[in-house]
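Enquirer: Chain by chain, the residues run as shown.
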Amino acid sequence: MSDMEETPGPSEAIQGAETPEGHGMAPRRVIGTPPPAPRLLGEPGDAEAAAHGGAETAAHGGGAVALAEHGEEKLPVESDYPQHAKNAEKIVVFCFLLAFLAGCGFIAAYVGLGVHTVDKVFRSNLALGLSLSVALFALGLGALIWVRHLMPDVEMTEERHEMRSAGPERAAFEEYFKEAAATSQFVRRPMVRRTLMLATLPLAAIPIVVLRDTGPQPGTSLRHTVWSPGRRLLVYGTNQPLTAAQFSAPGSMITIVPDGYQDDPDALAKATVILIRFQPGVLQVPTVYNGGTLISTMNWTVDNIVAYSKICTHVGCPVALYEQTTHHILCPCHQSTFQAAEGARVIFGPAPRPLPQLPLTTDAQGYLVAKSDFTQPVGPSFWERG
Amino acid sequence: MSDDVNVPGALTGVGGWLDDRFHGARGLRVFMRKVFPDHWSFMLGEIALWSFVILLLTGTFLSLFFVPSMSEVVYHGSYVKLDGIRMSQAYQSTLNISFDIRGGLLMRQIHHWAADLFMASLTIHMLRVFFTGAYRKPREVNWLIGIGLFSLGLLEGLFGYSLPDDQLSGAGLRIFEGVLQGIPIVGTYLAFFLFGGPFPGNLIVPRMYIIHVLLIPGLILALIAAHLFIMVHQKHTQMPAKGNTEKNVVGQPFFPYFMAKGGAWFFFIFAALAILATFAEINPIWLYGPYSPVAISSASQPDFYMGILEGSLRVMPAWEWNFLGHTVSFSVLIPFALPLTIILGGATLWPFFEQWATGDRAFHNVLDRPRNAPVRTGVGVAAVTFYGILWAEGANDVLADKLQIPLYTITWIARVLVIIGPLIAYFVTRRVCLGLQRKDAELVEHGLETGIIRQLPDGEFIEVHRPMTEEELGILEAKKVPALMPAPGSEDENGVPSPRSQGAMGWARGVSNRAFAETIVVETNGHGHGNGHGDGAGEVAGEEHAAIGSGGEHGSGDGADDS
Numbered sequence: 034m035s036d037m038e039e040t041p042g043p044s045e046a047i048q049g050a051e052t053p054e055g056h057g058m059a060p061r062r063v064i065g066t067p068p069p070a071p072r073l074l075g076e077p078g079d080a081e082a083a084a085h086g087g088a089e090t091a092a093h094g095g096g097a098v099a100l101a102e103h104g105e106e107k108l109p110v111e112s113d114y115p116q117h118a119k120n121a122e123k124i125v126v127f128c129f130l131l132a133f134l135a136g137c138g139f140i141a142a143y144v145g146l147g148v149h150t151v152d153k154v155f156r157s158n159l160a161l162g163l164s165l166s167v168a169l170f171a172l173g174l175g176a177l178i179w180v181r182h183l184m185p186d187v188e189m190t191e192e193r194h195e196m197r198s199a200g201p202e203r204a205a206f207e208e209y210f211k212e213a214a215a216t217s218q219f220v221r222r223p224m225v226r227r228t229l230m231l232a233t234l235p236l237a238a239i240p241i242v243v244l245r246d247t248g249p250q251p252g253t254s255l256r257h258t259v260w261s262p263g264r265r266l267l268v269y270g271t272n273q274p275l276t277a278a279q280f281s282a283p284g285s286m287i288t289i290v291p292d293g294y295q296d297d298p299d300a301l302a303k304a305t306v307i308l309i310r311f312q313p314g315v316l317q318v319p320t321v322y323n324g325g326t327l328i329s330t331m332n333w334t335v336d337n338i339v340a341y342s343k344i345c346t347h348v349g350c351p352v353a354l355y356e357q358t359t360h361h362i363l364c365p366c367h368q369s370t371f372q373a374a375e376g377a378r379v380i381f382g383p384a385p386r387p388l389p390q391l392p393l394t395t396d397a398q399g400y401l402v403a404k405s406d407f408t409q410p411v412g413p414s415f416w417e418r419g
Numbered sequence: 024m025s026d027d028v029n030v031p032g033a034l035t036g037v038g039g040w041l042d043d044r045f046h047g048a049r050g051l052r053v054f055m056r057k058v059f060p061d062h063w064s065f066m067l068g069e070i071a072l073w074s075f076v077i078l079l080l081t082g083t084f085l086s087l088f089f090v091p092s093m094s095e096v097v098y099h100g101s102y103v104k105l106d107g108i109r110m111s112q113a114y115q116s117t118l119n120i121s122f123d124i125r126g127g128l129l130m131r132q133i134h135h136w137a138a139d140l141f142m143a144s145l146t147i148h149m150l151r152v153f154f155t156g157a158y159r160k161p162r163e164v165n166w167l168i169g170i171g172l173f174s175l176g177l178l179e180g181l182f183g184y185s186l187p188d189d190q191l192s193g194a195g196l197r198i199f200e201g202v203l204q205g206i207p208i209v210g211t212y213l214a215f216f217l218f219g220g221p222f223p224g225n226l227i228v229p230r231m232y233i234i235h236v237l238l239i240p241g242l243i244l245a246l247i248a249a250h251l252f253i254m255v256h257q258k259h260t261q262m263p264a265k266g267n268t269e270k271n272v273v274g275q276p277f278f279p280y281f282m283a284k285g286g287a288w289f290f291f292i293f294a295a296l297a298i299l300a301t302f303a304e305i306n307p308i309w310l311y312g313p314y315s316p317v318a319i320s321s322a323s324q325p326d327f328y329m330g331i332l333e334g335s336l337r338v339m340p341a342w343e344w345n346f347l348g349h350t351v352s353f354s355v356l357i358p359f360a361l362p363l364t365i366i367l368g369g370a371t372l373w374p375f376f377e378q379w380a381t382g383d384r385a386f387h388n389v390l391d392r393p394r395n396a397p398v399r400t401g402v403g404v405a406a407v408t409f410y411g412i413l414w415a416e417g418a419n420d421v422l423a424d425k426l427q428i429p430l431y432t433i434t435w436i437a438r439v440l441v442i443i444g445p446l447i448a449y450f451v452t453r454r455v456c457l458g459l460q461r462k463d464a465e466l467v468e469h470g471l472e473t474g475i476i477r478q479l480p481d482g483e484f485i486e487v488h489r490p491m492t493e494e495e496l497g498i499l500e501a502k503k504v505p506a507l508m509p510a511p512g513s514e515d516e517n518g519v520p521s522p523r524s525q526g527a528m529g530w531a532r533g534v535s536n537r538a539f540a541e542t543i544v545v546e547t548n549g550h551g552h553g554n555g556h557g558d559g560a561g562e563v564a565g566e567e568h569a570a571i572g573s574g575g576e577h578g579s580g581d582g583a584d585d586s
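Chains B and F, in that order, give the protein sequences.
Here the numbering used here = 1-based position in the first sequence + 33.
Here the numbering used here = 1-based position in the second sequence + 23.
Heads up, a few of these hints could be off.
[Said to hold, decoys possible] Cβ-to-Cβ under 10 Å is the rule here; a few derived chain F residues that face chain B:
1) Ile206
2) Asp420
3) Leu430
Quick caveat, the hints were computed from the structure, so don't treat them as lab data.
In this text, a Cβ means the ideal position worked out from N, Cα and C, and glycines have one as well.
With the rest of the complex left out, here is chain B:
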């Protein structure tokens, strides 16, 4: 059943093809004639046959000749329009030379042009990019003109074979499959089958189970921020505490970070706050309960200064835009709009809840501090929020 018995191995084939008289010797050649063209796959027997002329090559039965005899069209060798092809050849050569030069230009620009400052980087980028573009484009153009204007325009037709296997093939497949399945005893011994399946179950679950330690359980961490009674409000950027008097200009909005956490991204992602001062009488924060949670009240303001969470209740972008005249706070991500003068209630967009209000008071030095943490979770909704 081995291959060796059915077909001669490669070495045997080569030996068989070699002519007895020329064994181990170079074929004789008349001086002044070109050497015989070597075969692509380099079998010595074939090379010799080629030297003896076309008819004998065919008789030796090289694969290509044998297949070509089965009515396959041969590709033409001559270009369709020889004069046209001559011009095309010049253009192709020019393109490839250009690609060569541009490629050299890239290397020269790489070696010659430094970086490390913005101007130099842009200059280097221009030189490298331009030379690379020209090299690649010229290569592509050369190849395209080559195939379209040098190669003769042929159209070939190939038969499609039906994808579906023939009836006997399908039957033979089925027959052997059943045979082998029976031989394997898989069908006959159900306990083997079932215990095998049982054995794979926990193994299949392991890839999921071992992901458990990729992170801690959320617990109640989404319900709290680092704000605590007496924690000072720091101005984002300068990190300085703030008195009510210092924040006297009505209408503006500033960003506040909690003292002690000004460089902690995890804390800031929840605890960042916006501070807005209103003209007296404009701010009308209602006392609102939502599901038993107090979410905003006038008692949490100091001198018409109100603090809201900066984290949008939609998907958590910072609500960074404020329109003084209308008191609209706008989230730049998805345009949820909140009315700052009325407890940051939602007036447009996908955010489902007002921005939570941070209770404010002042400490002994007059600095603005938190009265407590937020009384409800800040930021986007989550399943356990309730």
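Got chain B; can you put chain F on it based on the hints?
Expert: Just chain F now, with coordinates in the frame of chain B:
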């Protein structure tokens, strides 16, 4: 023919050596002679393929210098405007790639442009496959692989542009995290496990990195290999033309034609990306600054392929349920899940729906012209409209600014259009398709109007029509229309009602089937009656009516057809 080619000695040795060991001569010969049909639209998928190759090349270069770490450092590098700023190592190394590595900025920009081109060409390639019906039997599996590639490409792109940890991509990640949290029951845990704790943590960049450079590219590579193997094995589809049949493939052999053309196309695409990377700045992260959860820049836009998700988040009204101590945020959940489910889920089911509705189980190797499949084309244009409206809404702030229309008005227009736009698109497209079919029918019957007016001896003026050439008829007459199934409740000659036509499913199938079967009949034997008539349009319209009417009792047609 090989006698003319003097094969270099080095090649002959290697070729023989390999064939001795792998028996490749026969199979490779078949492959070299493999015929590939030619059409401009067949190059679209190739753009995606070559973009992916360029992504691998440039991505490998970038990975030599990128540091996937969120450890904080203080920057003292070449970009002096950020001197002394705290940032992650990921952001710092991206600055270094841009300003300190020669060619680094170019590679970054080629990589980013190539990612955009990959997704764009993938999308257009899928549209081509859809509108020409190339997904039909036997190519359904390749269609599904394509949908898988598109989905993986979305994720790969999102993770890729999030890696530099700049202000813009950090905002995108924050949105991603907020959306994850919104998933009922498991969402909070998913977010905590992915980010290794509360947002942003310090693990997300290294985790995204390994997914971006190993896991997803590996999957994409495997799927592309399968996609190409199946394409070669099943042979490419071809456009309808004279001589093109279901049983042949007409074109040029792989070696040398397709090989040279494919190579040229690779260099053109690479050149185009290099030109873009040279002159069109993309993702200048040094202008955005390092990520801080405190700040954001206005007009934050994701890369274009995420635009549909961004737009659906923006278009959704606030809608949330609180019950039994739990929160379900539909204003996050619906935008996240619904549009992509409609488009990708719909695309997944479509080939099987079409088979069910048409009863067509045949092999299709010759493509349909879109006009000849009005329902498919209509549904496709409806899907494009749906996608396009959400995509445009993703830039509603930019549109409001440029068009000077109030922001909320734009969102309201989008809210209405996203519902009725696809319906209008479907009906209009179907009418346009039937109109084009009618034009084709006229061309086949009466020939082409030449613009030459002739006066007959009795004084009548007629326009000379040129009969269609064989080539033109080859295209025009390639139309195939699905067969009409028995109408619901109808009986065969023995008085037995068709079991397939019963019940709600039978009714739905009948309705879809009649829609698919609607067509304009071409009178191929009608060449004789030519010029005298002058009212061709009305006549064809009558035939259309007859074609619909033959479907059974629901002769009135149009309105009842639409599923």
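Enquirer: So which of those numbered hints doesn't the model satisfy?
Expert: none
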